[in-house]
Amino acid sequence: MLPALTKYRHAFLVGLQSNLVYRWNFAIRAFFSLFHLIVVFILWNAAFHGKTEIGGFNLAQTMTYFITLLVLQFFISAFSEDYQISEEIRNGLINQFLLKPINYYLYRFSIFVAARIVSGGLALLPILLAFPLLRDLLDFPTDTWRIAYAIPALIMSAFIQFTIAYCFGLLTFWFLEIQSFIILSLAIETLLAGMVFPLDLLDARLFEISQYLPYYYQMYFPASIITGRATDQAEILRNLGIQFFWVVALLIIAQVLWKRGLRRHTAVGG
Amino acid sequence: MKLLQYFRLWLACARYSITRTMMFRFDFLMWGLVELFWMGVNVALVSVIYQHTDSIAGWNKYQMLLLVGSSMIVQRLLMGFFWSNLFELGRNIRSGHFDFFLAQPGNLMFMASTRKVELEGILNVFVAIAIVVYAAGQLQLHPSATTLALYVFMILCGLVIHYSIVALSVSITFWIIKSEGLEHSYFTLTEFSRLPREAYRGLFKGAASAVFVYALPVVIVSNVPASLLIENALNVTNALWLLAVTVLWFALAVFVFHRGLRRYSSASS
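Chains as they are written, first to last, in the numbering used here: chain A, 1 to 270; chain B, 1001 to 1269.
Check before you lean on any hint, since a few could be wrong.
Computed cross-link-like contacts, SDA-like style, restricted to lysine to any residue with a CA-CA straight-line distance of at most 20 Å [stated by the list, open to error]:
1. K1002(B) <-> T1147(B)
2. K1116(B) <-> Q179(A)
3. K1116(B) <-> S180(A)
4. K51(A) <-> H1052(B)
5. K51(A) <-> N1060(B)
6. K51(A) <-> S1047(B)
7. K51(A) <-> K1002(B)
8. K7(A) <-> D136(A)
9. K100(A) <-> S180(A)
10. K1116(B) <-> R1091(B)
11. K1061(B) <-> G55(A)
12. K51(A) <-> S1055(B)
13. K51(A) <-> D1054(B)
14. K100(A) <-> F12(A)
15. K51(A) <-> V1048(B)
Bear in mind the hints are in silico, worked out from the structure with no lab data behind them.
From just these sequences and the hints, can you work out the full model?
See the structure below:
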């Protein structure tokens, strides 16, 4: 058990170093998300004109939701993991993992965790700089019970995010070019994970349906716990169950894709 | 070279691109869906937000849809005709493949930006137009022929502005070689074009509002033609401003591109 952990600890440490190389990429991206935040603010500020609440939340609470999403994105979202995996399959780097006692999923996951620590840390910089401007817009609930639900929700979200990206990366076994798949699914994820608008603003029926999809648990679910959009503890508990189901289901899909994909794989290069 | 010759040249490139696209039909279908879905995301935002409010900065749902649709037409035109060319231009400058264009007879900027045509982008222009037509129908607009002609002209001005902005940022590659995050910055910028101009007024007072609306040309790119269609009347000041901005940005892009070209020294490989 212990030596196994050491292996992935090394992968993690290497991941830390290699992601620090991309620090400017992350910083630029975080900087541009502040512009995105301006757009979001202008839009919702105008929508709230003459209103105190939309969907039961005021402007500050709505903005708190979007700011939380922005921060969470850098901590739990998959960024370019799908492309990296695709690249490793295409140029044959993956072959070495077939010969060594290393689980490719765990190896990539260790690097993913390292990458999110780097990107999350870097994203905090522009946000801290903008904090004096954002402070008036932040309105978090103070219930302490939320922490107990938010932590497992966040961890499982990270798993769902990474595993979906991992599966898309593995599609390279079948398709030469996976970029269109990724961007297509990104559009669906962006919408159904609540990145465009809080999902609770949907019709009750659509909102109900969205809760059974994995996207709901990528972003909206932990954000709704943290920002107070989810209030019913029994419902949160039920949704944690659905989230857990999706984690397991996606892990199984990933495993099947990996097994099937390797059968098609012809080790090119090395 | 004569204008007609350039047109023929472009036509030949377009024919080649379309033949190529038809060779990779699945890819074409996927990329077509990608753009369609992203447009769907924007339309979904409008429809959801208007379930909870009647007006955003004085614009009702269908006016907003018309604005978003207009912004999409410009963006899809850019995607269809120029985007991948400009994107590759940056890469070619970095890798030295740009030499290939230097050897071609004809205006370099033209050659480099019109080599490929993306059919899926062009097809999605029609989807964007359909959104505008639908919104105009819901608003019961009956634009005159002059209004329509002006609208089309303004959309083309918008295309020139977007083209210039991207060409300008790609030209920076001549100096700094590594220009990352270009794609990201463009898409962030276009987000501003889907907002009504009046929404900015509520946010900043006086000069700050002017800077935001006028200095960021993407805002007027969609707002001026959309307002024209909705009001069926030409606001001369806005139209002139759009025209001036178009000329200015295009001139700037041409200037910077050619300045940068002087620095191009190929790559050793």
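Now for the hints, and whether the structure bears them out:
1. K1002(B) <-> T1147(B): violated, 31 Å
2. K1116(B) <-> Q179(A): holds, 19 Å
3. K1116(B) <-> S180(A): holds, 18 Å
4. K51(A) <-> H1052(B): holds, 10 Å
5. K51(A) <-> N1060(B): Holds, at roughly 16 Å.
6. K51(A) <-> S1047(B): Holds, at roughly 18 Å.
7. K51(A) <-> K1002(B): Roughly 59 Å separates the two Cα atoms, so the pair is violated.
8. K7(A) <-> D136(A): Violated: K7(A) and D136(A) sit about 46 Å apart, past 20 Å.
9. K100(A) <-> S180(A): violated, 32 Å
10. K1116(B) <-> R1091(B): Given pair K1116(B), R1091(B) holds - Cα atoms ~15 Å apart, limit 20 Å.
11. K1061(B) <-> G55(A): Measuring from Cα to Cα gives roughly 18 Å; hence the hint holds.
12. K51(A) <-> S1055(B): Holds, at about 11 Å.
13. K51(A) <-> D1054(B): holds, 11 Å
14. K100(A) <-> F12(A): Given pair K100(A), F12(A) holds - Cα atoms ~17 Å apart, limit 20 Å.
15. K51(A) <-> V1048(B): Status holds; Cα separation ~16 Å.
Hint compliance for this structure: hints 1, 7, 8 and 9 are broken, all remaining hints hold.
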